[in-house]
Amino acid sequence: MENKKIAAIMLLIAITLSAFGIVYAHWSDTATITGNIKMGTLTLAFITTEDPSAAEYYWNGTTWKLGEKEGKDVGSANAQYKDWITDKDTGKPGWKTLEINMTNAYPGYAVHTTFRSHNIGTVPLFIYNVTLVGEKKNSTGAHIYNLVMNTSIDINGHIAGDIWEDKDNSGTVSAGDILVMNLLLVDTEFPLQIEPCHDEKMEIDIDFKQAAEQCHKYTLTFSLLAVQWDKLYEVYP
Amino acid sequence: MKTKIMGTLAILLIGLSVAGLAYAHWVDTATIKANVTMGSLTFGFSDIIDEWDSEWYNGVKAEKCSATTHCTLSDHVTDVHTGLSVNKTLTFAMVNATPEYWGINCFSLDNAGTIPVKIQNVTVILPAGFDLVVSIPGICWEVYNHTSGKWVYEIWLYEQTNDIAEIRYMDSYFGPPWYLLSYLYGLKGIQIHPSGSAYAEMCVYIPETAQKCHTYTFDIHIDAIQWNLYTP
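Keeping their order, the protein sequence lines are chains W and F. Here the first sequence is numbered in this note's numbering, starting from 1 and rising by one per residue. Here the second sequence is numbered in this note's numbering, starting from 1 and rising by one per residue.
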């Protein structure tokens with residue numbers, strides 16, 4: 001009797017398990033979506049296939065003329081690119097820095113430097129402004145003043161800047177500051193759009209005002225600011 | 001309550017993601033460095049070439065010489081850039097002068113700076129009580145006593161264009177400037193290159209109408225300007 005009960009219970013368990021198995025067993029399969037995202041690059045550089053050139057000009061009273069007044073060779077200027085880079089995505093090379101050296105400058109001295117900006121990345125960009133960090137040192141190399149700059153777009157669409165000695169160290173142009181140089185960043189117009197792999201010829205003109213001090217050194221670092229073409233509105237008025 | 005907290009968190013999350021989408025952008029910069037070394041403009045006198053007067057004749061000073069003309073240089077400055085020095089002041093001293101006496105000094109004008117200069121202005125400044133009359137513009141000035149109206153002395157200042165070695169050799173044979181009127185040029189417009197010199201002469205003539213036992217003083221400012229800003 002006891003053996004029959006045990007056998008009945010085991011049979012009941014077996015039937016119950018088989019019933020659950022039927023309920024939950026099914027075929028399954030999956031389809032996979034794989035996302036591979038390769039981001040673009042935004043890289044502004046100076047072109048490697050053409051050197052920059054610095055030329056002296058003087059104002060003859062009505063227009064700018066090449067050279068120095070009366071054909072003299074008083075000041076000197078040269079320009080070269082530095083800091084080689086390669087865009088990681090495109091593999092295209094470029095220079096990151098344009099260095100302009102001017103010696104024996106004097107009021108009225110003007111240097112026009114021609115260079116080519118190159119978009120070596122994969123995203124179109126806009127060059128939309130230029131900023132300045134600079135300082136004035138005396139003949140012994142001691143710091144005298146920082147330099148500050150005001151910029152605007154002139155009637156020809158170029159970026160025009162006034163460079164001042166920041167006497168009160170306020171970080172902005174204010175009363176009492178000394179105007180020492182003028183800047184003009186020349187192209188067809190600003191903001192300037194450059195497509196990937198394209199380059200654009202540009203010019204930076206610097207001329208010296210009467211208050212630029214003798215035997216002193218001015219060091220200026222201009223940053224050409226670029227932004228992806230579709231976000232210009234976020235940084236440019 | 002739990003549902004409300006979860007809802008708030010969800011709104012915050014969506015808000016931040018929207019804001020991120022709106023303000024995110026890529027930027028890049030390229031750098032332009034400019035290094036400027038300014039030149040210098042330092043102008044003055046460096047040399048007294050020679051001096052002579054009306055008491056010289058054929059290279060010999062008269063035995064009974066009474067008057068003397070002598071120049072000295074002072075206010076020494078050194079250009080920081082070039083290390084060259086000049087003097088900012090030339091003092092022309094005429095002592096024991098008599099009527100019809102004249103004295104001449106030949107001196108150098110020097111550019112100790114790094115950029116060319118041109119002489120822009122020559123200005124004669126008199127103390128109170130005297131009047132200046134320009135006799136030959138830029139070259140000759142007559143000085144009158146304001147009270148008496150008497151002509152008391154005359155200043156000549158002009159470029160010396162002769163070879164300087166010739167001046168040193170021939171100085172005492174040279175007559176006063178009014179013998180050479182056609183060949184006199186004022187200092188305005190003289191160009192002096194860096195490290196270069198130009199030469200000038202100054203003559204002071206004492207006329208008959210000058211007063212005894214008087215001392216006359218004057219200043220002459222010679223202004224040099226960078227050549228490219230010179231105004232003819």
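Honestly, the hints are just simulated from the structure, not real lab data. Incorrect hints may appear among the rest.
When the alpha-carbon atoms are kept at most 35 angstroms apart in a straight line, the in silico DSBU-like pairs for lysine-lysine are as follows [as the list claims (entries may be wrong)]:
no.: 1; chain 1: W; residue 1: LYS4; chain 2: W; residue 2: LYS96
no.: 2; chain 1: W; residue 1: LYS217; chain 2: F; residue 2: LYS88
no.: 3; chain 1: W; residue 1: LYS38; chain 2: F; residue 2: LYS33
no.: 4; chain 1: W; residue 1: LYS209; chain 2: W; residue 2: LYS96
no.: 5; chain 1: F; residue 1: LYS33; chain 2: W; residue 2: LYS92
no.: 6; chain 1: W; residue 1: LYS5; chain 2: W; residue 2: LYS69
Partial chain W-side listing against chain F, Cβ under 7 angstroms, derived [what the hints assert, rightly or not]:
no.: 7; residue: TRP27
no.: 8; residue: ALA211
no.: 9; residue: LYS217
Listed next, with one range per pair, are the computed distances between beta-carbon atoms [claimed, not checked]:
no.: 10; chain 1: F; residue 1: ASP223; chain 2: W; residue 2: THR140; range: 27 to 37 angstroms
no.: 11; chain 1: W; residue 1: GLY71; chain 2: F; residue 2: GLY83; range: 25 to 35 angstroms
no.: 12; chain 1: W; residue 1: GLY176; chain 2: F; residue 2: HIS70; range: 42 to 52 angstroms
Heads up, the beta-carbon is just placed ideally off N, CA and C, and yes, glycines get one too.
(message) Are any of the numbered hints broken by this structure? If so, which, sorted upward?
(response) 1, 6, 7, 8
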